[in-house]
Amino acid sequence: MATSTREYLDPVFLSKLANMELVARCAVEGFFAGLHPSPFQGFSVEYSDHRQYHPGDEVKFVDWKVYARSDRLYIKRFQQETNTTVYLLLDASRSMAFRGGQSVRKIDYACFLAAALSYLMLQQCDSTGLVLFGEKIRAQIPPASKRTHLNALLQMLEHVEPAGRTDLAAVLHAVAEIGKRRGLVILISDLLDDQGDILKGLAHLKFLKHDVIVYHVMDHQEIHLDYEGLIQFEDLESKDKVRTFPQSIRGEYQRQVAAFLQDVKKTLRNANMDYCLLDTSEPLDHALIAYLARRRRRM
Amino acid sequence: MTFLQWTFLLGAVAVIGPIVAHLLGKPRFRRVPFTMLRFLRRGQSQRYSRRQLRDLLILLLRCAIVVLIAVLFAQPLLYVRAEPTKPRSVHWLALDDSMSMAYRDGTQTLFDRMIGMSLDYIRRAPEDATFTVCGLASGRMSHGLTKAQALVEIKQLKPLPAGAKFTELFSTLKQAGKAAQGEAISLLLLSDFTPSVLQALERVPAPAVVNAVHYEHVGPRDTAGNTAVLSARVSSIHAGKLSLDVTVCHYGAAERQCTLTGRSPGKANLEIGLPVGARHASPLQNGVPSGAPSVTLAPGQPRVLRLEMELGSARQSGGQACWPIELRLMPNDGLDADDTYRLAVGLPSDTAQTSIVVVHRGEETFLFETALQALSNSGSLPGLSLKKVQEDRLTASDLAGADIVLFASVPQLPDYQVGALKAVVQQGGRLVFFTNDVPQSGAVKQLWGEGLLPALPERWVAQTTYPEPRPAAGVSLDLDSRAAKSLVNYGVDRIALKGHWLCEPAAPAECLWRLAGGAPFIYGIAVGSGLSLLVNTSMDGSLGLLAKSPAWVAFCRYLVGRDDPVRQFCFSADERPVLHVPEYAARGPRTTIAVENCDGGRGAAAVRGNRVFLPAPTGLGWMKTIDEPVVYVGINLPSGETDIRPPADGAIADAVQRAFITDTREGPVLAQVGATHASPVLRRKPLWRYVAWAVILLLLLDAALANRLRR
Numbered sequence: 001m002a003t004s005t006r007e008y009l010d011p012v013f014l015s016k017l018a019n020m021e022l023v024a025r026c027a028v029e030g031f032f033a034g035l036h037p038s039p040f041q042g043f044s045v046e047y048s049d050h051r052q053y054h055p056g057d058e059v060k061f062v063d064w065k066v067y068a069r070s071d072r073l074y075i076k077r078f079q080q081e082t083n084t085t086v087y088l089l090l091d092a093s094r095s096m097a098f099r100g101g102q103s104v105r106k107i108d109y110a111c112f113l114a115a116a117l118s119y120l121m122l123q124q125c126d127s128t129g130l131v132l133f134g135e136k137i138r139a140q141i142p143p144a145s146k147r148t149h150l151n152a153l154l155q156m157l158e159h160v161e162p163a164g165r166t167d168l169a170a171v172l173h174a175v176a177e178i179g180k181r182r183g184l185v186i187l188i189s190d191l192l193d194d195q196g197d198i199l200k201g202l203a204h205l206k207f208l209k210h211d212v213i214v215y216h217v218m219d220h221q222e223i224h225l226d227y228e229g230l231i232q233f234e235d236l237e238s239k240d241k242v243r244t245f246p247q248s249i250r251g252e253y254q255r256q257v258a259a260f261l262q263d264v265k266k267t268l269r270n271a272n273m274d275y276c277l278l279d280t281s282e283p284l285d286h287a288l289i290a291y292l293a294r295r296r297r298r299m
Numbered sequence: 001m002t003f004l005q006w007t008f009l010l011g012a013v014a015v016i017g018p019i020v021a022h023l024l025g026k027p028r029f030r031r032v033p034f035t036m037l038r039f040l041r042r043g044q045s046q047r048y049s050r051r052q053l054r055d056l057l058i059l060l061l062r063c064a065i066v067v068l069i070a071v072l073f074a075q076p077l078l079y080v081r082a083e084p085t086k087p088r089s090v091h092w093l094a095l096d097d098s099m100s101m102a103y104r105d106g107t108q109t110l111f112d113r114m115i116g117m118s119l120d121y122i123r124r125a126p127e128d129a130t131f132t133v134c135g136l137a138s139g140r141m142s143h144g145l146t147k148a149q150a151l152v153e154i155k156q157l158k159p160l161p162a163g164a165k166f167t168e169l170f171s172t173l174k175q176a177g178k179a180a181q182g183e184a185i186s187l188l189l190l191s192d193f194t195p196s197v198l199q200a201l202e203r204v205p206a207p208a209v210v211n212a213v214h215y216e217h218v219g220p221r222d223t224a225g226n227t228a229v230l231s232a233r234v235s236s237i238h239a240g241k242l243s244l245d246v247t248v249c250h251y252g253a254a255e256r257q258c259t260l261t262g263r264s265p266g267k268a269n270l271e272i273g274l275p276v277g278a279r280h281a282s283p284l285q286n287g288v289p290s291g292a293p294s295v296t297l298a299p300g301q302p303r304v305l306r307l308e309m310e311l312g313s314a315r316q317s318g319g320q321a322c323w324p325i326e327l328r329l330m331p332n333d334g335l336d337a338d339d340t341y342r343l344a345v346g347l348p349s350d351t352a353q354t355s356i357v358v359v360h361r362g363e364e365t366f367l368f369e370t371a372l373q374a375l376s377n378s379g380s381l382p383g384l385s386l387k388k389v390q391e392d393r394l395t396a397s398d399l400a401g402a403d404i405v406l407f408a409s410v411p412q413l414p415d416y417q418v419g420a421l422k423a424v425v426q427q428g429g430r431l432v433f434f435t436n437d438v439p440q441s442g443a444v445k446q447l448w449g450e451g452l453l454p455a456l457p458e459r460w461v462a463q464t465t466y467p468e469p470r471p472a473a474g475v476s477l478d479l480d481s482r483a484a485k486s487l488v489n490y491g492v493d494r495i496a497l498k499g500h501w502l503c504e505p506a507a508p509a510e511c512l513w514r515l516a517g518g519a520p521f522i523y524g525i526a527v528g529s530g531l532s533l534l535v536n537t538s539m540d541g542s543l544g545l546l547a548k549s550p551a552w553v554a555f556c557r558y559l560v561g562r563d564d565p566v567r568q569f570c571f572s573a574d575e576r577p578v579l580h581v582p583e584y585a586a587r588g589p590r591t592t593i594a595v596e597n598c599d600g601g602r603g604a605a606a607v608r609g610n611r612v613f614l615p616a617p618t619g620l621g622w623m624k625t626i627d628e629p630v631v632y633v634g635i636n637l638p639s640g641e642t643d644i645r646p647p648a649d650g651a652i653a654d655a656v657q658r659a660f661i662t663d664t665r666e667g668p669v670l671a672q673v674g675a676t677h678a679s680p681v682l683r684r685k686p687l688w689r690y691v692a693w694a695v696i697l698l699l700l701l702d703a704a705l706a707n708r709l710r711r
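Residue numbers (the working numbering), protein chains in the order written: chain X, 1 to 299; chain Z, 1 to 711.
Because the hints were derived from the structure by calculation, they are not lab data.
This one's a predicted model, so the numbers in the text were calculated from it and none came from an experiment.
Note that beta-carbon positions come from the ideal geometry of N, C-alpha and C, so glycine has one too.
Warning: the hint list may mix true and false statements.
Sample of chain X residues lacking proximity to chain Z, with all beta carbon distances greater than 12 Å (derived) [claimed, not checked]:
#, residue
1, Gln102
2, Ala152
3, His159
4, Ala163
5, Ala203
Cross-link-like lysine to any residue pairs, in silico, SDA-like; alpha carbons within 25 Å at most [what the hints assert, rightly or not]:
#, chain 1, residue 1, chain 2, residue 2
6, X, Lys241, Z, Arg41
7, X, Lys241, Z, Pro33
8, X, Lys241, Z, Arg38
9, Z, Lys178, Z, Asp112
10, X, Lys241, Z, Ala129
11, X, Lys239, Z, Val32
12, X, Lys239, Z, Arg38
13, X, Lys200, Z, Arg38
14, X, Lys241, Z, Asp55
15, X, Lys241, Z, Leu23
16, X, Lys239, Z, Leu23
17, X, Lys265, Z, Arg38
18, X, Lys239, Z, Arg41
19, X, Lys241, Z, Arg54
20, X, Lys241, Z, Gln52
21, X, Lys265, Z, Arg41
22, X, Lys136, Z, Arg38
23, X, Lys266, Z, Arg38
24, X, Lys241, Z, Val32
Simulated restraints on C-beta separations [as the list claims (entries may be wrong)]:
#, chain 1, residue 1, chain 2, residue 2, range
25, Z, Gly17, X, Gln247, 45 to 55 Å
26, Z, Phe29, X, Phe260, 20 to 30 Å
27, X, Lys266, Z, Leu53, 22 to 32 Å
Produce the entire structure from the sequences given, and follow the hints as far as they go.
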């Protein structure tokens with residue numbers, strides 16, 4: 001992907017944009033502008049537009065009529081039509097308010113991702129719903145596929161403020177009860193809850209034949225603990241305190257976090273769920289690629 | 001264990017500091033909100049206990065450092081039993097070859113006895129022993145001698161007219177102690193331990209470390225004592241007679257009758273009077289001629305005897321600049337070298353008078369004239385002729401024959417008067433300038449350019465100031481030294497001056513006296529055999545309280561006085577003679593002159609200004625310049641070499657114990673030299689080197705631990 005287009009996926013850049021719609025459009029279109037050739041268009045039936053032929057494009061998509069008229073090669077592109085139902089589960093607990101260093105807050109990053117995914121899904125006429133949760137479900141928008149539905153989703157994302165503790169398992173069970181129609185469940189969370197409970201909740205969704213993608217949002221400092229000097233760490237949710245020299249425990253911490261992440265990843269893979277670890281200091285393209293890969297497998 | 005400076009142990013109380021700091025100190029931290037505390041806690045618990053352990057360790061380290069530093073300053077010594085090992089032995093023989101050892105005690109001198117003891121010592125030492133022989137007075141030192149070489153070296157020593165010095169012995173001993181690997185240094189110290197030897201031993205800066213120290217007091221067996229001429233100086237010249245004060249001392253236990261006679265070598269017609277108060281005694285013992293005048297000397301109390309001589313015969317005897325006088329004390333005693341004292345006297349001219357011309361612009365010299373009159377009345381300015389002339393009426397005839405010309409202000413003289421002024425100063429006269437204003441005319445610059453005016457006043461600084469307590473030392477120009485000393489007694493540094501002038505000095509001018517802030521007070525410049533001075537204040541007002549103080553007369557004498565018209569040339573054999581001889585400065589720009597040393601050998605003396613730097617004396621006797629005018633210099637025994645009384649009980653042991661530290665490794669048992677006075681072997685091991693290393697290691701450890709804690 002070209003560097004210039006990747007800038008549009010940078011969370012710090014996106015945080016400076018005025019509204020969530022602009023964020024979503026910028027992220028998605030920036031993402032696709034960098035893909036060359038596009039693997040995700042040209043396989044549907046509804047005409048979308050033309051674009052200039054580039055070496056490597058499949059010859060079967062060349063519009064020969066246009067070539068006959070203009071003596072130029074153009075590729076004919078089509079709009080995809082599906083009827084998938086997507087549930088976006090966004091963790092808005094207090095721990096998502098964490099921000100270490102220069103990157104954005106985890107909640108902001110998660111909102112950008114949710115907005116970009118909503119935009120992308122509604123472009124493809126997927127029914128998209130949104131669930132905000134902390135200890136329990138705080139707000140939800142039922143799935144719909146109308147273009148105007150995007151405004152409702154983005155408006156909710158624009159006003160998300162993290163609060164409360166996390167009880168992910170309970171929320172997942174509740175969503176399983178709500179989501180009557182099987183579809184794609186996208187969980188965007190920092191997974192700071194009991195690991196076994198989370199897995200039980202996700203297993204419940206899987207049992208109901210949902211496809212599950214877990215976006216594990218973590219800050220760079222949470223992964224690497226790059227602090228120096230004597231620091232008193234205060235938990236955002238429980239208000240617990242730990243005073244330590246991070247440099248003296250960094251190695252041990254990193255080992256434990258790596259083991260935790262590896263464990264989560266292994267467990268979810270074994271349960272046939274997609275897992276994508278997101279560092280808030282990284283651009284959004286990894287997340288979008290993960291989604292599109294799963295989406296393609298469903299086609 | 002013991003401590004040389006145990007009071008420093010009190011410094012260990014400072015250990016409270018790190019403990020209090022540890023108890024009160026709270027680490028500064030910053031608060032950071034975080035999420036994954038469960039992962040932090042797992043590593044934290046064991047880290048925290050480790051950190052507490054390290055904190056405690058570092059506290060203990062710092063306490064140990066404080067205590068060890070206190071112990072280090074206290075200089076610990078450890079008493080250790082000597083091990084019976086016998087490393088390779090090096091025998092150091094420190095032998096006192098000073099002149100006091102030449103005292104004849106019966107049939108042989110103390111020196112001969114010392115040499116005999118040394119030879120016995122060497123002969124009894126093991127065959128493979130190595131010797132170092134050190135002459136304490138001569139500084140002669142020979143290292144790495146075999147037994148045979150040491151015997152030869154010892155026999156080559158002879159008494160020298162100098163005092164015993166320990167500086168070189170101690171520095172060499174320290175170097176040898178550092179270089180010694182598997183060697184045991186045994187020191188044998190043989191001396192008469194006169195008070196001067198004990199003082200020299202006490203003045204060593206730091207004790208030397210050796211394996212064993214033996215000493216032996218080589219003193220006279222009889223108690224007859226020694227009688228010596230300690231010093232002689234010219235007391236006065238009055239009514240054509242020269243008076244000499246001669247200090248003699250008898251160091252025996254009982255009273256003694258002596259005669260003091262004087263003569264001038266090579267001048268048979270000179271007669272020196274008998275001591276005042278001497279009486280003709282009936283036949284005396286100890287070889288004093290019957291009927292000779294004698295004085296009685298009490299034991300241990302210096303007595304001053306006055307000799308008088310007619311100056312007329314001396315002046316007619318050759319007109320030389322210097323008159324050698326040899327004073328001899330009879331009867332002879334064990335030490336001949338201190339029975340004769342040599343003193344050369346430079347006599348003033350018999351027409352001594354001082355002609356002073358005071359040049360002024362107004363009535364501003366009243367206080368100065370009064371001071372001169374007082375000096376004349378007191379005899380400090382013999383035959384004072386004071387002439388007062390107004391500056392614009394000064395003529396060449398006023399300056400003719402003047403010894404001192406004093407200007408109340410820097411004058412603006414025409415060319416021909418500058419020439420007359422120059423003639424005065426080149427013939428040994430003196431110019432003294434006070435400063436009243438900034439001179440404007442070119443004539444003043446001519447004075448300055450020709451070197452007659454030492455400095456050119458440029459700007460008045462109206463700021464109260466004070467002179468330094470005494471004139472500058474180490475300058476080549478000498479003014480009246482007695483006046484300078486008396487000025488110190490008056491406390492001139494507490495007398496305020498109203499200000500001073502900033503001056504541009506002539507190139508060869510010197511600053512003879514400074515003000516408290518460092519600004520020059522008096523400039524001087526040598527012109528021919530004369531001298532020109534500039535006082536950068538005015539005579540009437542700026543000198544302020546000085547002109548009205550009792551110091552004023554001494555200050556005027558400092559400016560116009562001649563330093564001791566009767567010059568005396570006598571030195572001890574261990575000092576380098578420096579003579580004040582203006583006659584040589586008057587004879588043109590010579591840098592060296594030929595001299596004859598005490599042993600008759602020739603050498604060269606350096607001439608700088610009116611000072612003559614003679615070569616080091618080669619013995620006792622006379623040194624003299626070969627060039628005219630002939631100057632004699634008497635070289636005498638150093639004062640400390642005359643007192644050969646035995647030291648008090650325990651004084652030698654105390655001095656040796658302070659000066660030497662013996663290491664634990666005892667050397668081979670030495671031959672018992674002088675069984676009556678052999679000293680015990682000291683076995684104390686200095687520990688401060690180890691303590692210092694421990695402090696350094698702990699400091700490094702502390703730094704490493706503290707650095708580790710920050711991580």
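Each hint, compared with the structure:
1. Gln102: holds, 15 Å
2. Ala152: holds, 30 Å
3. His159: holds, 22 Å
4. Ala163: holds, 14 Å
5. Ala203: Given that every Cβ of chain Z is farther than 12 Å from that of X/Ala203, nearest at about 23 Å, it holds.
6. X/Lys241 x Z/Arg41: holds, 10 Å
7. X/Lys241 x Z/Pro33: holds, 9 Å
8. X/Lys241 x Z/Arg38: The hint holds at about 11 Å.
9. Z/Lys178 x Z/Asp112: Violated, at roughly 34 Å.
10. X/Lys241 x Z/Ala129: With Cα atoms ~77 Å apart, X/Lys241 and Z/Ala129 exceed 25 Å; violated.
11. X/Lys239 x Z/Val32: Within the cut-off at roughly 11 Å; holds.
12. X/Lys239 x Z/Arg38: Since the Cα atoms of X/Lys239 and Z/Arg38 sit roughly 12 Å apart, the hinted pair holds (cutoff 25 Å).
13. X/Lys200 x Z/Arg38: It holds: about 21 Å lies between the C-alpha atoms, which stays within 25 Å.
14. X/Lys241 x Z/Asp55: holds, 22 Å
15. X/Lys241 x Z/Leu23: holds, 23 Å
16. X/Lys239 x Z/Leu23: Violated, at about 28 Å.
17. X/Lys265 x Z/Arg38: holds, 19 Å
18. X/Lys239 x Z/Arg41: holds, 14 Å
19. X/Lys241 x Z/Arg54: holds, 23 Å
20. X/Lys241 x Z/Gln52: holds, 19 Å
21. X/Lys265 x Z/Arg41: holds, 23 Å
22. X/Lys136 x Z/Arg38: holds, 23 Å
23. X/Lys266 x Z/Arg38: holds, 21 Å
24. X/Lys241 x Z/Val32: holds, 10 Å
25. Z/Gly17 x X/Gln247: 45 to 55 Å: Given a distance of about 29 Å, which is not inside 45 to 55 Å, the answer is violated.
26. Z/Phe29 x X/Phe260: 20 to 30 Å: holds, 26 Å
27. X/Lys266 x Z/Leu53: 22 to 32 Å: violated, 38 Å
When held up to the earlier numbered hints, the structure conflicts with 9, 10, 16, 25 and 27 and fits the remainder.
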